[in-house]
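Novice: Chain residues, written in single-letter form:
Number of protein chains: 2
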Amino acid sequence: MSGYIAPVRDLRFVLHELLEVSATSPADGGEALDRETIDQILDAAGSFASEVIAPLNGSGDREGCRMPAPGVVQTPAGFREAYDRFCAGGWTALACDPAHGGQGMPSVLDNALYEMFCGANMGWAAYPGMSHAAYTCIASNGDAEQQALYLPRIASGEWAGTMCLTEPHAGTDLGLLRTRAQPRADGSYAVTGTKIFISGGEQDLTDNIVHLVLARLPDAPPGVKGISLFIVPKFLPTAAGGIGERNALACGSIERKMGIHGNATCTMNFDGATGWLLGEANRGLAAMFVMMNHARIVVGVNAIGLMEAACQKALGYARDRTQGRAPTLAARSGPADPILAHADVRRMLLTQKAYVEGTRAFALWASQLADVQHRGADPKERERAATLLALATPIVKAFSSELAVECTSMAMQVFGGHGFIADNGVEQHLRDARIIPLYEGANGIQAMDLLGRKVLADGGAGLGLFLEAVEQFAQAQGDGLREFAEPLSDVVALARRAARDQIERAGADPNAAGAAAMPFLRLIGHVALAWMWARMAALARARQSPDGDPIYRAKLATARFYFERLLPETQSLAVVLGADASAWTGADLDWL
Amino acid sequence: MSGYIAPVRDLRFVLHELLEVSATSPADGGEALDRETIDQILDAAGSFASEVIAPLNGSGDREGCRMPAPGVVQTPAGFREAYDRFCAGGWTALACDPAHGGQGMPSVLDNALYEMFCGANMGWAAYPGMSHAAYTCIASNGDAEQQALYLPRIASGEWAGTMCLTEPHAGTDLGLLRTRAQPRADGSYAVTGTKIFISGGEQDLTDNIVHLVLARLPDAPPGVKGISLFIVPKFLPTAAGGIGERNALACGSIERKMGIHGNATCTMNFDGATGWLLGEANRGLAAMFVMMNHARIVVGVNAIGLMEAACQKALGYARDRTQGRAPTLAARSGPADPILAHADVRRMLLTQKAYVEGTRAFALWASQLADVQHRGADPKERERAATLLALATPIVKAFSSELAVECTSMAMQVFGGHGFIADNGVEQHLRDARIIPLYEGANGIQAMDLLGRKVLADGGAGLGLFLEAVEQFAQAQGDGLREFAEPLSDVVALARRAARDQIERAGADPNAAGAAAMPFLRLIGHVALAWMWARMAALARARQSPDGDPIYRAKLATARFYFERLLPETQSLAVVLGADASAWTGADLDWL
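Chains as they are written, first to last, in our numbering: chain A, 155 to 746; chain B, 155 to 746.
Excised from the complex, chain A in its bound form (with noise of 0.2 Å):
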C-alpha cells in the first residue's frame, strides 16, 4: 500500500499557472510573495504531510481517541509529538496576523497546505485546524485586549480553540439553543449548558483550549436574534496570560463514529462556566458566521485532500494489481495485465483525478477571492470578490464534499473486495469522507444558502456576474479550445435558464427552491468546474511541448475526459430542475 505523496505539482500548476498567486495574492502587509517562496512552503509542508503526519493516519483510524478518566482525552500515540513539530515549525502562525506572531501568508496558500495535512491525515489536521478557525472568530470579533491574550497564543499553537454551536435539540436550528449566559459583577459571564459534536472539545495537545460558545443572555430575544458568542477558555488566564485556574467546564464523553476516530468529538458540559463576551450582546450568529463561512471553504479543502489521497492509493493499486485481459494493450508480460489496462478501471481513476483538480482549482479560485475580499486595495474588486465569494463558499463545500464521498467510494471500487479490507487503508478515506457532507452545515443547507440567499434574494445578480465572467471566458477562446469553450457555453446557458426558472417559481410556490436546491447546487457546481477545466485545458494546450511537462498532456487529456463524461450530468439536472415538485412538497405525505 502506497503512502502519501503530496500533489505539489499539481498545487504549484494552481497557484502559479492558474491563479499567479504570486502577483495577485500578496502576504498580509501587502508584500508580494515570491514563487520561490511558495514552492519552498509547499515542499516543506509537503514533506510535513507525508512523512509525519501520513504515517499516523491509519494507527490514528485504530486506536482512536479515549478517555482513560473522566473529563481526560487521549489522542492516539504519535499525536502529540506530530503536533509539538508543526508548532516548532510555525506551521499554526502562518495564515496568522504578523501583529499576533504570525506571517500573513494569504488564504489561497495557507488552504494548499491544509489539503496536503487533511490528505495525509484528516483526523490530525482538524486539530490545527479548528484552532484556525477560533483564531479567525476572534480576529474579527475581538476587542483589543481579547486579540492581544489569545491570539498569539493560539498563533503559536500553545493554545488550542474550538466552536461550540452544536446541542441535542440544535443543529441546524441554532435559534433552539438553551445554553445561557448569566452576567457576573464583574464584567464575566456564567456559562450553562451542554454542548454536542465539539471537534478537539478535549484533547492531550495543548495546555489550554479556549472555547467559543454560542450561549443566550437572560433578556435576550427568542430565535436567532437572541445569540451571543463568549469565550470559555478550559483554564482561565492569569493577568500575565498564564494558566490559571480551571474553568467550570468539562468533557462529558466522545462520540463512537464511523470516521476521523484520531479526532475527538466530545460532548462538553458548560456548569457556570466562566466566560466573556466576544463582540456584541445578541449579535453571535452573525459573528459566528464570519468564521463559518470561511470555515466551509475549509472543509471543502478537506474534501480535496481525501479525495486525492485514495485517487493516490487507487492509481497504485491500479498499477500493480494485475487480472485478465485488456483487448488492447501496447506491451504484455506475465500472465494478466495491470488493471490500469481495463478501461473501466481508467474510467474510475480519470472520473476522480477530474473531480480532486477540477475542485482544487475551484477551491483555491474561492480562497484568492478571500484574499482580495480582505486585503485588495480597489473597493469595487473587494466588494466583487465578496459576492463571488459569497456564492462559491457553499459550492466548495457541498458538491466538494458530495464528490469526496462518490470518489473515495470509487477509489475503494478499484481495489475490488481488497478495498473493504481495513489494512488496505482506502475504506478508511471514504468513512473519513463521510462527515464532511453533514459538518459545518449539511449539504442541503448549503444548497439552501446558495439557491435562497444567494441567488433568490437578489433576483440572480451575483449569479450573473460568476456567469458572465464565464461566458466571457468561453467567448475569448479561439478555434483551438471550441471543444470546451462550446459546451462552457452551453452550461452557462443552462445555468441562467434555471436561475431565471427558479426565480420565477419562487414567487408562486414557497416550498419549489428547496426542491430544488441540490440539484440547482450541483449544476452551478458542474459550471464551476467546467470553467477551471477549460481554464486549465487553454494553459496547458498554450504550454505544452512534445518533450515537456507531461502535466499538460495530462491536464487536456482530463479536461476532454470531464467534458465527455461527467459534464453531461448537468442534462439530467436541468430536466430535474424543470420539474414541478408541489405534488410532494405541498402535500401531507401520511402515506410515506
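Incorrect hints may appear among the rest.
A pair counts as met if it fits within one copy or between any two copies, since identical chains are not told apart.
Unchecked claim - No farther apart than 25 Å at their CA atoms in a straight line, the calculated lysine to any residue pairs in the SDA-like style are these:
id	residue 1	residue 2
1	K379	S342
2	K379	L330
3	K379	P322
For the record, the hints were derived by calculation from the structure and aren't laboratory data.
Computed from a prediction, not measured in an experiment: that's the story for all the values here.
Given chain A, put chain B in place with the hints provided.
Specialist: Just chain B now, kept in the frame of chain A:
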C-alpha cells in the same frame, strides 16, 4: 432509534398484486401456494427478522468476530442462539428440495424472506445465505451419493457451506488460481492452497462446514479451462454420515474490514485436505456459475434489505426530529417543524423509497423468472425466462448495490451530524452495504457481463426481448397512464439506440464496450425500474379508493416522483454513451 420493521405489506403487494405468485409460481412438486400460506410465511419470517436478529445487528457490529485461539472463530454474542432458532423453525430448509428434507418453496418467496433477514442483520444472514448457495451448487452438480450425504444436512442447517474461489492473486481473474488437487488411489483428492475472503469459512454455529473449493488437477490445462470444483468438508463424514476425522484445513486469520463485522471473512489454508470432485473435471467454473448467478440475485436482494432498513431509520428520524420552519405546513406546534416538512428532506426520503421499492419489484420479478426457468411446464416459457433472467441478473446485482450505497448514505444525510454517530445505527448500513458492489463479481464485471456477454454476444436479441416486453406494456396503457407510459416508451427508445450504437462500436474498437459498460448497465437498470414503477402505478390507479389502503396512493405518488426526479438520469447516460472513449482507453496514460 427505531428498530427494523419487516416490510411485509410491500412484499405482499409485490408478490400478490404485481407478480401474482400464488397463481404463477408453484412450490417444488407443482403444488400451488395460496396467498394465506405466503402471508403466514412472510409474517413469521418478518417476526423472526425484527424480533430475533435485528436486535443483534448493532451489537454484532460492535463486537465483531474473534479468534480466541488459532483456527477458532467466535461469532458475536447471540448469533449461535439465533441460528439454532432459525434451524428449529425450518427456515434453512424453506427453499430446499423436499427430497432432501426441504419445503420446496419458490425462489421468489425465498428471496423475499432473505431481503428481510439481510435488512435486519446482514452479518448474521450471510451465514445461512452462503450455506444455501453451497446447497444450490451441490444440488446442481453433485452425484446421487453426494446429494444424499450433504444436502439434507445443509438443508437442516446442521452443516454449513462455503464457496472458496478467491486467492490473493486471483479474484476477478480466476484463471490465475493455484490451489492444487492431487488424485489419491481411493478416488479422493488432496487439496492444497490458500483461499481468501471466505465468508463463514470458520464459525461456531454449525457442527460441520462443507467447503466448495476451486482447484487445479495436475494435468489441467492453464487458465479457466483447467479449474475443477471439490467438496472439502471441515470434518470428514463417517460412513453413517456423522462427524468423523478433522480434515487438513484451517482458518488462518479473519479480516478486519469496513462493515459486516458480524460475518467472519476468513483466510482458509488447505494443507493436503481430503476432497472429492464435484461435477466434471476441468468444468469447475461452469459448475460454480450455476450457483453464482443465483447468488448475484441474492446479493442484490441483500442490498435492497439494507436500503429498506436505512430508509426506515431516516423516515423515523425525519418524523421525530424538529428543526427550523418549513415554508408551508398545515399544522404547526412547538418551536420547530419535523424535518419531514422540509422539501430537501422529502427529496431524500422519496428517492430512497422509489429506489428500494423499485429494485425490490425488479429483483423479485427476476426471482420469479428463475422459478419459471427451473420449474415451468412450457419449454418455450422456460427458455424465454432463462434469457430474461440472464439479462436481469447483472442489473439486480450491480444496480441494486450501487443504489444501496447511494441510499444508505442518503439516509445518513437525513440525520445530519447524528448520522455519523455509531449509536444511531444508520452509518452501519452504509458500511455494510459498501461490500455489495465489490463481492460476487465487482460491479464493473457485472456491467461487462451485461453489455459484453448478454447484449453484444447475441447481437442484442435478448435485450430486444426484454425491451419488447416493456414497450408492449407501455403501448397497452390507456390515457390515464400516459404520464408513465410515454416516458417509459422514451427510455426504451434510448436503450435501443444505445444498444445498437454499442454493437456498432464494438466492431470498430475493442475497448468501447469496457468504457460504456457501467453507464449502459445503469441505463438498462432505469428501464427496469421505470417499467416496475409504471406497472405498480397502473395497479395502484385501478385499485385506489378514497378510504382504501393508503399503499395505492403511496405507490402512485412515488411512481410520479421516480419518473420526474430519478428517471431523467437517463438523459445524461445517453449523452455519455454517445461519446467516443478511444482517446483514453487506447492511449498509454503514462501521465496518470
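Novice: Does each hint fit the structure? Answer for all of them.
Specialist: Taking the hints in turn, this is what the structure says about them:
1. K379 - S342: within (21 Å within a copy, 81 Å between copies)
2. K379 - L330: Cα proximity of K379 and L330: one copy only (11 Å, versus 68 Å across).
3. K379 - P322: within (20 Å within a copy, 61 Å between copies)
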